[in-house]
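Chemist: Sequence:
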Amino acid sequence: MGKVSHRYVPTNGIQMHIAELGSGPIVLLLHGFPEIWYSWRHQMVGLAEAGFHAIAPDFRGYGLTRNTDPSKDDWLHCAEDVLGLLDALHLDKVFIIAKDWGAFIAYFLGYAHPERVRGLAVLGIPFFKPTSLGSIFKDIPAGHYLMRFGVPGVPEVDFARFDATTVVKKIYTLFCNKEMVIAAENEQILDLVKDSDPLPKWMTEEDFKVYGKLYDNSGFGYPIEVPYRCFGRVNMKLMDRMDYTIPVPVLLVMGDCDYSCNMEAVLQSFESTKELLPKLKLEVIKGGSHFVQEQFPEQVNNLIINYFSSSI
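The UniProt record's numbering puts the sequence shown at residues 1 to 312.
Keep in mind that the hints were calculated from the coordinates and are not lab data. Hints may be right or wrong, so weigh each one.
Listed next, the in silico DSS-like pairs over lysine-lysine satisfying Cα-Cα at most 30 Å (straight line) [stated by the list, open to error]:
(1) Lys3 to Lys129
(2) Lys72 to Lys274
(3) Lys72 to Lys138
(4) Lys213 to Lys237
(5) Lys237 to Lys93
(6) Lys286 to Lys209
(7) Lys93 to Lys178
With the sequences and hints as input, model every part of the structure.
Modeler: Okay, here's the thing in structure tokens:
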């Protein structure tokens, strides 16, 4: 098996950076925040060894894909980038793995363009109708990171105190907490992480340097705007849509210690959306954090590869 290769592909008015490994059925890997293509390094190797062709793009404004104007964009633009990528590569139908806000794009492709999707594997984010997210956010405390990141200028000031590698380290450490930590009124989100807090054991210093270098390239401006400040814009675009059924097979993989979702809410969502996702399967990884694909790569790889292989 060769090394990961890199290239740029023109799509939807941008030059999208993609990383590739392997040959065989195509698997597209869609990252979240504070992630980039490198977040899928373990899955790319596992997929290639299992006979798949892994393609991991950097979304616009992330990693090695250049920024556009984040105030005018939302994650639907990123979904259009993905569709354009498939067209540019002459790919009719692909498997998709996604996590964090990349899951919104995967689900969107599942209900809006199921003819392009062979199957989905989603990590950490159960399915919600996009138009229901407003009611979910209304119950979130003001000191929650989702709310703070949504306020223009607040995370920018918070992040500017540190170099990019340190910002990523702090976010990884924060998101690996088992319990949701809420900032006080005059407390910054990154100050919730103390210097004495241990880094995740499954991340190396070299891993963090890779993240830091790529965020030095892109900055945090676009990744903060999209997705955290664009939910209203997306809702306006999708509010008239009537059908959110996802007819393709969907594997939802959750860590039971995921900082961003409590399992009770996940199970409620699982039950309430069964009719919209008739081919949904749930797998829970004990001790899994928000970054379960990096924490337990072999377990995650086995679940996904077995699931996709059964659909070939």
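Chemist: Could you work out which earlier hints the structure fails to respect and list their numbers in ascending sequence?
Modeler: 1, 2, 4 and 7
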